[in-house]
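Enquirer: Order-wise, the sequence lines are chains A and B. Per our numbering, the first sequence starts with residue 6, numbered consecutively. Per our numbering, the second sequence starts with residue 513, numbered consecutively.
Calculated from the structure, these hints are not laboratory results.
Computed footprint of chain B on chain A, listed as stretches where at least three residues anywhere in the stretch have a Cβ under 8 Å from a Cβ of chain B:
{"#": "1", "region": "41 to 49"}
{"#": "2", "region": "53 to 64"}
{"#": "3", "region": "90 to 99"}
{"#": "4", "region": "108 to 117"}
Cβ coordinates follow ideal geometry from the N, Cα and C atoms, glycine included.
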Amino acid sequence: DAGVTQSPTHLIKTRGQQVTLRCSPKSGHDTVSWYQQALGQGPQFIFQYYEEEERQRGNFPDRFSGHQFPNYSSELNVNALLLGDSALYLCASSWLGQNSYEQYFGPGTRLTVT
Amino acid sequence: EDKVVQSPLSLVVHEGDTVTLNCSYEVTNFRSLLWYKQEKKAPTFLFMLTSSGIEKKSGRLSSILDKKELSSILNITATQTGDSAIYLCAVGVIQGAQKLVFGQGTRLTINP
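This is chain A alone, in the form it adopts within the complex (with noise of 0.2 Å):
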């Protein structure tokens, strides 16, 4: 039973550019949450994917946006990236129908922005 995957491992940006980050959530899941790991911190929520459309955000600007497609699989777009952008990315998923906070992460990706 493959976990959840996220690609790529690590990317380096510049000031001002675009990122795609990719999440794969867990077999049988169906809901992809976002989260923001500054180093030393706990993660931030950013977003959350159900049935492709975001249920919430966090605190975050619209600078950061998603998508979630038929196959529960998630994108995470920032443009215009800050050096403050550079952080641990990390996709959770977990499974709507069971009403469930059970949330399992992938490894996440490592954005340097420079």
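Fit chain B to the supplied structure of chain A, relying on the hints for placement.
Expert: Chain B alone, transformed into the frame defined by chain A:
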């Protein structure tokens, strides 16, 4: 604003010791409390506690939820060097979505 606070932020003990990690929360629409272990990147799920399941145990790890005190503890007995990691506490809240609000984590180091 929802808030989760963990203590201590850092802890160094010797192999074989017992440790207790603390988590307190102040949130609206509480649904559950979760503990994760983060060694390199992916936080690994340990326990989920809810109103209907306030105590969980798995091997040397155990956790209790105190809904009156709005807090939880994670106990690890007979610690091993492999227990060295960051332990994250997260509270599940419902605000249009089932989101997790995380604490800043406790960095646990087990010395041989």
